[in-house]
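Use the sequences and the hints to build the structure in full.
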Amino acid sequence: MNPPAFEYFAPTGIDEVIDILAKYPGEAKILAGGQSLIPLLKARISSIPYLVSLSEVKGLSYVDEGKEGVRIGAMTVDSDIENSELIRKKFPVLHDATEQLADPLVRNVGTIGGNLSHADPANDLPAVMIALDARISVQGRNGLREIKARDFFLDTFTTALEAEEVLTEVTIPFWGKRSGGAYVKFKKNTWNFSVAAVAVQLELEGNKCTRANIATTSVSAKSGRMESAEKILAGKELTHEVISKAASEVAASAQPTSDPYGTEDYKREILKRITREAIRKALSRAGEN
Amino acid sequence: MELSEKLVRGEGRFVDDIQMPGMLYLGFARSQYARAKILKISGAQLTHKEVNFEVVEVGEGATTGGPAALSHPVLANGHVGYVGQPVAAVYSDDRYVAEDLIDSVEIEYEPMKAIVDPEDSLKREVMYPGVKSNAIVDRYFGKEFTPDPSDIVIERKIINRRIATNPIEPRGIVAAYDGHKLTVWVSTQSAHSIKGGLSEALKMEPDRIRVVQVDTGGAFGLKGGLFPEYVVACYLAMKERRPVKWIETRREHLLASRPGRGVVANLKLYAKKDGTITGLKGEVIVDNGAFTGGSGEFSPMFIARQLAGAYYLPNAYVRAVSVLTNKAPQGPYRGAGRPEAMYFIERLMDGLADKLKMDPVALRLINAAKETYTSPLGMQVEKSRQFLESAIKELNYEKYRDRENVGFAFLILYHATAGGESARIKVENGRLKVWTGGNAHGQRHDIFIKTLLKEELGVPEDIVDVLKGDTDQLEDGVGAWGSRSSMVLSSAVIVAAGKIKEQIGKKHGKYTLKALLEGKWDEYEFFKYDKTESSLGANLVTVDMDSYGRVIVKECLSYYDIGRILDLDNAKGQNAGGAVQGIGQTLSEELAFDEDGLPLITSISDAGVLSADLVPKFGIKFHKSESPLPSKAKGIGEAPTIGVPIALSRAIEKATGKLIVETPIRPEYLLPEEKA
Ligand SMILES: Cc1cc2nc3c(=O)[nH]c(=O)nc-3n(C[C@H](O)[C@H](O)[C@H](O)COP(=O)(O)OP(=O)(O)OC[C@H]3O[C@@H](n4cnc5c(N)ncnc54)[C@H](O)[C@@H]3O)c2cc1C
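In order, the protein sequence lines correspond to chains A and B. Using the numbering used here, the letters of the first sequence map in sequence onto residues 178 to 466. Using the numbering used here, the letters of the second sequence map in sequence onto residues 36 to 711.
The calculated lysine to aspartate or glutamate pairs, modelled on EDC-like cross-linking and capped at a C-alpha distance of 16 Å, are:
1) B/K468 x B/E496
2) B/K468 x B/D505
3) B/K405 x B/E417
4) B/K710 x A/E446
5) A/K266 x A/E242
6) A/K219 x B/E134
7) A/K219 x B/D138
8) A/K422 x A/E404
9) A/K364 x B/D648
10) B/K693 x B/D579
11) A/K325 x A/E339
12) B/K689 x B/E439
13) A/K219 x B/D135
14) B/K710 x A/E418
15) B/K418 x B/E661
16) B/K563 x B/E510
17) B/K468 x B/D497
18) B/K390 x B/D309
19) B/K148 x B/D629
20) A/K364 x B/E703
21) A/K364 x B/D581
22) B/K536 x B/E558
23) B/K689 x B/D581
24) B/K468 x B/D500
The hints are simulated quantities; they were obtained by calculation from the structure and are not laboratory data.
Here you go:
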């Protein structure tokens, strides 16, 4: 339980961070809250010769309301998102997720940037950001670029970030007036991570659903959108039948694997039931607006 | 300050807190395969070539004289039998470097098809050339009998899967050698077991070994044992003449310590139509692991012998088998055979009640032993009917009997009193020092020792120092396990105190506290006891099930006969801790393996240990029928790990209508169908 040796940097500017990453391509990594990285190092699952901490870089922790959406700095800790009134009102799906993410100790240090960059299919925030159509700002030697959350997660522990790029900000665009979302997480019996979880974000017009995003956690190699299920909802009145059909479609498209937490079939069944619950909750929240 | 207070204040001194100049840190390169030949090892500092000792069994359930081919070599001897088995050792004076060195050891293997399932093991080729069978124990208990053809039969396969002991503090040792004497500081349940084991393993005279117990952060049966890593640490300390430390990681604990349970039972219970049980037949198969060195040679026999439960069982014939599998050796875990045996008979009793459409507690009452007798399987079963009647009252069973979510357990706990225990009391400069053969490893022995000394000698608690195990201070001793300390350890203290009193009486005419504290006294007592005592207990558990089939334990009530209560808080603490482990075993704790024998559980996060939010409120009431020992107490430590899984399984069975015959219960099994 002692990590292999590494060199530690704590620069004060983002450019310096990028320089160090560029100097040791593939050998340097960012250290944010350390809640995923440090356990990997201590268990010697990873060895990273150069760690570049973001802790001394100022101005990376904020939840700001802009004209088009809410911007969240990469080093914002989960508990700040959980406690943000703005997030709770505008994006309850994100509030749901941060409230159930890990435990208070982890939430007080784990960051949104780390949660997304780590791209663990069991992490809660990737699915939420995909469902919200969020955009992820990354900064590298060639400047700033924006990647859609839905294009950001490539595989287990793999993102669209280049080796010398830093995730700096997440932008969640405002949705229409009658919109709402929900995150339903089915936790493992004695552990924070989930057997399955699902994020749903909806927009309504009249009695029809005009926009529907669904993304899952823990049931595939990466968090991704469930487009075939979204299509079932889009343009329709969300009756009991429609919701059930979409939920079954989510369960069918997921690729869970059997383990001591349950068989593949069990996980699909759980996913089906929590998806139904999430759609209903999202619908009722959207309807209240 | 009380020991427990010191520990929660962070003032404990655990083995990993020990720092010594020149200390070496030891690490182990471990097998990646469940079963393989070793072709080549490179980059290792110590291998079997140099360190060719074998592990000796000590602690609860230790046996000697098993087949030599099956002894656990401290470092693998040409082949490996489980993932995590120590193959080679490395060391450095920097603990980070020691871990780097582990990563640099290269081992070439020729993998073989692993034997994973205990029942399959009986059908497979023998694991080692030269052994006759994969059954390392195969014996029958009781006598063959012909059941009455009109009898009702309940037949079940019942499984308690393997679980890790998971004390908060993992295993650990520091060893130092001065050219003559080897001194060992260790996290243990028994300094004397470790001393005896080391002496035998290293072939060293016992008086050249001193074993000192340090503050021990939980043990649950595991730490009565001697482990390969400990022998290697001692060897290295002697070879290098430097102190050596080895601290287990949680991952190593999950792979390569001595997990408990791991037992399959195929049993038939026979009964008359009125519910009177007439006989029991079948087999108990223990998943021994790849080597001896744990308790797998002892446990099938211990389980089989207890299968009458607390009932009158006129006929029984049970095969007790322990089989080789490609897993770490099975070891004792809180209850060590007792929870398994009671789980098997109690699940059968519930099955019988269902078949006869009887109330399960009424069925138990019919069958409770009216008189003390020796069951055909060999254990003495104490008369239990009266106790059960009072348990029904005290647990208010009438209130629950018609509910759909309640389970009841009736148990007999056999205390490991046999062997007795030692104590030494030394009085000097107006203070008392006490050493005992078994030592606290998370309990609070110091509290009741002080209470007893106050009673026996009139000394205030604050002048008594209860010290930890130290083989140089105490001639001999046994250990703290098997719900025994409140019985034999306390009795040793009482008798030793009595000896001092007697001496003072002789010298001064009569005993006075003044004479005690002004004098110098030193008394050692090995309180001999040959009999296995027992006590009765009952549990009642209620559950709620959510719509996903998740279990919420609502009430968890105990009614145990603990004789004289030496300390109420201690007793309550033992109940709560044991009940938490019982719930964990039933709902989530498991060391699972894939078909190649690769462990699926390698991190504490997946080990299924309960988190606080899943822990219900506990209630406990006591039955106080005094034991024949000087302390008049009876043990409690293992009662909840016996009773709670039984009552909880039954509660879930009632609430779901699904037959429960395995622990842990798999989540998919409990998922309710959706109403259309
Ligand atoms: C006990 C426990 C329980 C947990 N339970 C949950 C849970 O239920 N749900 C959940 O979602 N997570 C859970 N986690 C993980 C936790 O949320 C982590 O905090 C998160 O995954 C990583 O965030 P971090 O800030 O700690 O990042 P770090 O661990 O510091 O880094 C993680 C990875 O992201 C990279 N990285 C970090 N920041 C950036 C950046 N700005 N730009 C580029 N790369 C970056 C690092 O290089 C590293 O590869 C748990 C963790 C623990 C210890």
